[in-house]
Amino acid sequence: PKMAVMMTMMMLRRRVVAHVVVLGIVLLLPLTVTALSVTLPPSSLDLAGIVGIVFDMDGTLIQPCIDFQTMRRRIYEVASEDRGYPVNEGDVVTMMDTFTLKGQAKAKIVFDELEAQALADMVIMPGMLDLCRLLDEQGIQRALLTRNVMRSADYLYDTHMDDVPRFNPQVARDTLDENGNILVAKPQPDGIQYICRQWKCDPSQVIMVGDSDKDDVVAGNRAGCAATIHLQTGCDNDSGNGNESEMEERQPTLVIDALLALQQLVEESIKCRSIAR
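For any residue, its number in our numbering is found by taking its place in the sequence shown, counting from 1, and adding 90.
Please keep in mind that the hints were generated in silico from the structure rather than gathered at the bench. Glycine residues also receive a C-beta, built at the ideal position from the N, C-alpha and C atoms. Some hints here could point you the wrong way.
Pairwise CB distance ranges, derived in the manner of DEER restraints [what the hints assert, rightly or not]: (1) Arg287 to Thr249: 26 to 32 Å; (2) Glu336 to Arg287: 25 to 31 Å; (3) Gln295 to Glu358: 17 to 23 Å; (4) Gln194 to Glu357: 43 to 49 Å; (5) Glu167 to Ala348: 34 to 40 Å; (6) Ser170 to Tyr247: 36 to 42 Å; (7) Ala210 to Cys291: 35 to 41 Å.
Construct the entire structure; sequences and hints are all you get.
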């Protein structure tokens, strides 16, 4: 019937949101749908002018192995005892600095135990070494930025990097800046800004990649990075800082489900640049 056809055409012309998979990337994209065409926003990665890529470590370069649920529970227990009232929320990393010396000592034991177990369980992400080699071949610098400690970053290099050079620089929660002060951890942009000073570039020439929208994506957006890429693993990576950023700050440029997808994007960008020449 004519009325049914008209209703169908009206529904097809509506803007909808759909899951789109391109090169392993799952995106929530607005689609303009008509009876004759489908228009998709670009989902490629433009490396023109990019000096380097900053990678998170846990859940990004290595498979998720830190028990964040246990970490939150135990640190909140320390906080409750230290403050004398129940504590059941807050960033467990920055919270430690507010404890008494006795509380800090207890919290350090918790972190040391869980991070030591994570070292024993460490497994690198599939494709990580090949991606590093590809970036090195193209002259694209790579840095590591983690809320973990430098000991864990060094362990990754010493035990899993084979012939691949170290990430440079490596920035952890115990890294000192040029003035001897501990760098403020993600989601603050201090670590990215420090890396850019080492590379002698602007954050707009850098890409941030990580598995946490609350830490990595927010830090990249606050720093003004050229792009932020969210690697979704589906694992618990919540350190308790969910109230420290606005939802719009957590919006990434791209969403991927594996480092292999990022490698494909880099290869496609290189191919496009070669054709353009």
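Verification of the hints:
Against the hinted window of 26 to 32 Å, the Cβ-Cβ separation of Arg287 and Thr249 comes to about 29 Å, which satisfies the hint. Distance hint check for Glu336 and Arg287: the Cβ-Cβ separation is about 26 Å, which falls inside the suggested range of 25 to 31 Å. Between Gln295 and Glu358 the CB atoms are about 20 Å apart, so this pair conforms to the stated range of 17 to 23 Å. Look at Gln194 against Glu357: about 46 Å separates their beta carbons, and that is inside 43 to 49 Å.
Under the hint 34 to 40 Å, the C-beta atoms of Glu167 and Ala348, about 35 Å apart, fit the expected range. Restraint check, Ser170 to Tyr247: a C-beta distance of roughly 37 Å satisfies the suggested window 36 to 42 Å. Between Ala210 and Cys291 the beta carbons are some 37 Å apart, a value that agrees with the proposed interval 35 to 41 Å.
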